[in-house]
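Q: Since chain S is already given, all that's left is putting chain B on it; use the hints.
Chains as they are written, first to last, in numbering that gives the first Met the number 0: chain S, 0 to 207; chain B, 0 to 202.
FYI, nobody ran anything at the bench for these hints, they're computed from the structure. No experiment lies behind these values; they were computed from the predicted model shown. The beta carbon of each residue, even a glycine, is placed where N, CA and C say it ideally should be. Treat the hints with caution; some may be incorrect.
To be verified - The calculated label-pair distances, taken between Cβ atoms and stated as ranges, are: (1) B:N143 <-> S:S72: 21 to 27 Å; (2) S:G66 <-> B:G133: 28 to 34 Å; (3) B:A56 <-> S:D126: 36 to 42 Å; (4) S:L104 <-> B:V166: 37 to 43 Å.
Stated by the list, open to error - Residues of chain B placed beyond 10 Å of chain S at every Cβ, according to the derived structure: (5) T42; (6) T144; (7) P149; (8) S168.
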Amino acid sequence: MNNARHLSLALGAVAAVLIAAACHDAASPQGTITAGILPGHDKGGGPCSDFRLTGGGRVDKPEPETGKSPPSSHDFATFGFQARPDAACPFNMAGSGNIEWNEHLETQYGGGFAFHGQVTLFSTPNDGSETDPQCGRFGGFGRLNPHNGATEEDVSFEVFHACDVDEPGVGKDHIYMRIGPLADGSIYFRHSLLSGGNIQWHRLTGNN
Amino acid sequence: MTTKILLALTLLAGAVQAQTVTGKAFGTYVNAAGVTSQSPVATLPSSGGMATGQADAFGVAGAVDASWLNAVTTGAVDNKKSGAQSTSELEQVSAAGGAITADVVTAVATAYFGQFTGGSDGEGSGFTNLVVNGEAITTEVAPNTRVGLPGVGYAILNEQLQTGNGVTSYGITVNMIHVVLQNVLGLRTGEIIIGSASSSVAR
Numbered sequence: 000m001n002n003a004r005h006l007s008l009a010l011g012a013v014a015a016v017l018i019a020a021a022c023h024d025a026a027s028p029q030g031t032i033t034a035g036i037l038p039g040h041d042k043g044g045g046p047c048s049d050f051r052l053t054g055g056g057r058v059d060k061p062e063p064e065t066g067k068s069p070p071s072s073h074d075f076a077t078f079g080f081q082a083r084p085d086a087a088c089p090f091n092m093a094g095s096g097n098i099e100w101n102e103h104l105e106t107q108y109g110g111g112f113a114f115h116g117q118v119t120l121f122s123t124p125n126d127g128s129e130t131d132p133q134c135g136r137f138g139g140f141g142r143l144n145p146h147n148g149a150t151e152e153d154v155s156f157e158v159f160h161a162c163d164v165d166e167p168g169v170g171k172d173h174i175y176m177r178i179g180p181l182a183d184g185s186i187y188f189r190h191s192l193l194s195g196g197n198i199q200w201h202r203l204t205g206n207n
Numbered sequence: 000m001t002t003k004i005l006l007a008l009t010l011l012a013g014a015v016q017a018q019t020v021t022g023k024a025f026g027t028y029v030n031a032a033g034v035t036s037q038s039p040v041a042t043l044p045s046s047g048g049m050a051t052g053q054a055d056a057f058g059v060a061g062a063v064d065a066s067w068l069n070a071v072t073t074g075a076v077d078n079k080k081s082g083a084q085s086t087s088e089l090e091q092v093s094a095a096g097g098a099i100t101a102d103v104v105t106a107v108a109t110a111y112f113g114q115f116t117g118g119s120d121g122e123g124s125g126f127t128n129l130v131v132n133g134e135a136i137t138t139e140v141a142p143n144t145r146v147g148l149p150g151v152g153y154a155i156l157n158e159q160l161q162t163g164n165g166v167t168s169y170g171i172t173v174n175m176i177h178v179v180l181q182n183v184l185g186l187r188t189g190e191i192i193i194g195s196a197s198s199s200v201a202r
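In isolation and in its complexed conformation, chain S is listed as follows (with noise of 0.2 Å):
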């Protein structure tokens, strides 16, 4: 696991030597530059996104399958994020905002857990999803609580995207994360359309 985290590490430090000499500005890039995320593609608009995402709810079943799972069943997930581009833009994707993601699945990592995530990085996503004009991709570091087992700190987390497709959301919208490498060295991935909540795309305008 170390080892691991070792190189995710050592490739956040060569992401991070990248991206701020393609920075116009980068008086400080390397406080707020989050390892385990890799550079996305420069959107050649300016330095930073100009939209900002918000969502929160509920996701069950992998995509492309829809709705809750039964009754009996903790194979669940529950969200809420905001993220942005940072407003003062230090270098090309710098992100702010907060996500929590609460796991209930007793199989999954440590019993199932609750994570906080502060985000760092903020994008257009590069997973094939850019093709959705409403999609965003943010990612950054946290602190997980599993269920059965310690605190863990800096793990690394990304949303590969975040979508907002219509309004309701249910069964539109959709989410990827990832939260790791965790302490035994797993991944832990969920990709899921929405089975409660919304996400909403918003571009941004003066200081909104």
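A: Leaving out everything else, chain B in the frame of chain S:
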């Protein structure tokens, strides 16, 4: 010229029409025997953002015991669309002296405005392995299901309360377990709310 200016001002007023969102979520609220107790509350600022309220465990003797309480509310506002979504969930829940138990209680409340539509719903709310008066409930619980609790009072399960006027405002409050405590005369003496989430939008 004057007409054009008035038209422009009218359009501008429409574009910046004030919109607000509200969101609130909490795990448990108990008002019994003159004592009020509540787990951490997440309250959304009216301009949007995110708030959380969490506790590893919460208990009031004879009223409620629960673990892993997580309440989250998020929302955003702009002149094209706005929305608020709140969730509350708890695990290992026991209420009203064990009359109601569940592995997981999840409340989800969503309110939104798109460019041409709006609404609110409690989609995603539910129980995992709910037991009421010793009987396992193996199907989804319909909104506003009332059950008697002998010696305690009654409970409304998956309580959903719509708010707003359905035109310029929408909202909903979801209380997954709402126990109304009654004395032997049937008079209300208190209440217990478990798994509560509220969201609303207005413009």
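Q: Among the hints numbered above, which are violated by the structure, and what are their numbers in rising order?
A: none
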